[in-house]
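These protein sequences, in sequence, are chains A and B. Here the first sequence is numbered in our numbering, starting from 1 and rising by one per residue. Here the second sequence is numbered in our numbering, starting from 1 and rising by one per residue.
Fair warning: there could be bad hints in the mix.
[As the list claims (entries may be wrong)] Partial list, derived from the structure: chain B residues whose beta carbon lies under 8 Å from chain A:
id, residue
1, 88
2, 90
3, 92
4, 102
5, 104
6, 109
7, 119
8, 122
9, 228
10, 236
11, 267
12, 273
13, 274
14, 278
15, 284
Keep in mind the hints are simulated off the structure, nothing from the lab. Where a beta carbon is used, it is the ideal one built from N, C-alpha and C, also for glycine.
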Amino acid sequence: MEWFESFWAIHSNLILTLGTNALLALSIYLTLSCGLLALANGAFMGIGAYAASLLTLNYDMPFSLALLVGMAAPMLVAFVIGKPTLRLSGVYLAMATLGFGEVVRVILLNTESVTGGALGLNGIPQYTQWWHVALAVIIALYVLYRVKHSRIGRSFEAIKADETAASLMGVDIERTKMTAFVLGAMLAGLAGALNAHLTFFIGPSEYGFDRGVEILTMAVLGGTGSLAGPVVGSVILTLLPEVLRSFADFRLVVNGLILVVIVLFLPQGIWDPGLFRRWFGRSGKRV
Amino acid sequence: MLEQQLVNALSLGCVYALFALGFTLVFGVLGVINLSHGAVFMIGAYAALEIVTRLELPLWISVILAAGVAGLFGLAIDFLILKPLRKRNAPHLIPMIATIGAAIALNSGAQGVFGADNLRFPPALLPNEAIQFAGLHITVIELVIIFISFSLMAALMFMMKKTQTGRALRAIAESPKAAALLGINVEGLFLLTSFAAAALGGVAGVLIGLYSNAVFPLMGQPMLHKGIAVVILGGMGDIRGAMIGGLFLGFAEVLSVAYIGSTMRDAVAFGLLFLILLLRPQGLFGKVLERKA
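Pulled out of the complex, with its shape left as it was, chain B reads as follows:
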């Protein structure tokens, strides 16, 4: 029984981690709390749904295309809103408020276009029977989630640690000005980060849409709240922290539902968050940043 819960927790935690990765990437590199990340997540889910039902393409292609569509939305938000604000050197909270405006517009736009109802993926998309493995039931969708999430996380980790682009991104996270002086194309990498972050969010949207079999305009909002919790748990702007925090939240939720009661689902997760805020407000892996005079 416990092992079964662990499988569920793992797949849920993977999606949280995937979502939080994009959120924390933008936070770390651009220094922006991107509140439109939930909307981009929703766009990913709708994009995959449209591609699967209207173009009747196979699922794996539509996941890739949906990531692209979500990424383009992220790119557009960066290019149209965040870039002009960067140029003007706007203070911290201004870009955040601009992304709220974008999120409101996208969420209600989706509601206007697709309606407020729950939409579902066609039933025959994935085989429904569970795979028996060492006494565990694992559904195909859970396997898909775990596989996609871990490959994307590994790819991102590899890119950040081993490639020139990753090193440049980490330099920008330290100081965009110094990075620019070193000849790094800061503006281009900002755009790339926004695209990649939104694409990750979009994939998370597709996966959650498949997992809970519900796609609706406001599906990104609860996810955004959880994303914030994950990022605080793991340390703000910390990629490794977002992964561990996401998995941790997944486990905390599933296990508290299983052993304490379903009403405690959010309470345990956010209770932990509260403890973290009191004891280590910088997160498990973060550091307190003293402002330099």
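Isolated chain A (complex conformation):
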């Protein structure tokens, strides 16, 4: 087991980041499955991370309670900003939520007495164990699987397919969208709280624009047609920069080009059951 121990010592951070990134990708999958192009999940992650870390850091709260607050705080914020912004549709919503992400970053940056401003929060206790992350991912997958096949999951799909038709069928559009948005915020907040108690340090720049866009990229790259897609996408996007180390200075150039190529040639994402079927000639039933 010595081999495993040294492997774990070097790579444990990366592996646990895979888990939190998978949670983030699933959080945006939830809103995308309802047809909402909301890109505020980076900000919700930040809100969760800060809320939970402030509690464990300043008030010695137990980790479980901090995690709960880390989920509840972004839900509350999502509820408040969801009211006006969810009226927007398509790219307009994407733009507005991107703007919201920047607002959160700037607020974190400017409330120095609470959040430490640009210096961030230092010395967050490292409570997150590997099984916390594993459990969170498994529970999230299980719950999302159940949601997908429930009444509410079907209304998500109805809204995504055609909002007007869905409302004529008696789906409460506003409420259903809000549910997806708030649940997505909760998952992102959980990922943020877990991640913060893993990395010892958090700062406002981690939760800005780039993070929001990265989360979306993970989900869309993997494919948003199924639950496996976002997980696959998050794994690939997290590992890609590590794998490309040999390109040194031009590592991110290759990273960016790979992204473009995947999007161009696999428009449904990497995890595309339809494509697998065509490739391997098995005639499964349409999902």
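Given the coordinates of chain A, work out where chain B should sit on it, guided by the hints.
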């Protein structure tokens, strides 16, 4: 003192407006959130720097050439990435993600080629002394920024309102399909829009590079964030809104630094943005678009 701040605010706001114009043009006409606009802005700045230092051409020529270089990059991104996606009728977010890939590649490519350091324009490029005008100090670079920005904005406004091309572009913004049925060369105008938008971004890059005298690979990222703020403030896809929003952001930033404190620079601007999002998420001049069944 106030008048002096207003001059600074005007020149900064002009650059924001110029940058946001390109961004909002692509958003309005192509319906794409073009996240490589910041990278194209950076390319413009590096192009001008290279032309000035290596070819030793005068500044005004290098601004034009830099706009051309940035425009070609925009054209290449459209031709190589956005066009194939349009053909395939890819959903909204796919082109946006493709432009992220392009931006990552361009930003880190610039870092690989030029290094991560701040590069500067040669000092003797523009006369440094301020011009005294009605008790105000206006530097030559500020005058250049204001002049170039307003002429480009006026030219774009004129083109959109009065020319056949502008009318065609507005038709495409309403519905590309209907425009194509009317015999408009939609594909050609998409390419033209991408070129023009990137050229505007490139000019903004040169101007900011001169104004703050710093050119570096990631200079486009903060600008992109501000561009998004401006476009939301002014109304998404609205050209007039981008100009007013840009100027507004410039004034909000400069005045909050002057009267509240330098740490509040972004806070005031983005606080306003937040209010707009809560009260009028469609922007000051935008309309809520209901999807047609």
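For this session: List in ascending order the numbers of the hints, as given earlier, that are violated by the structure.
Result: Result: hints 7, 8 and 15 break, sorted rising.
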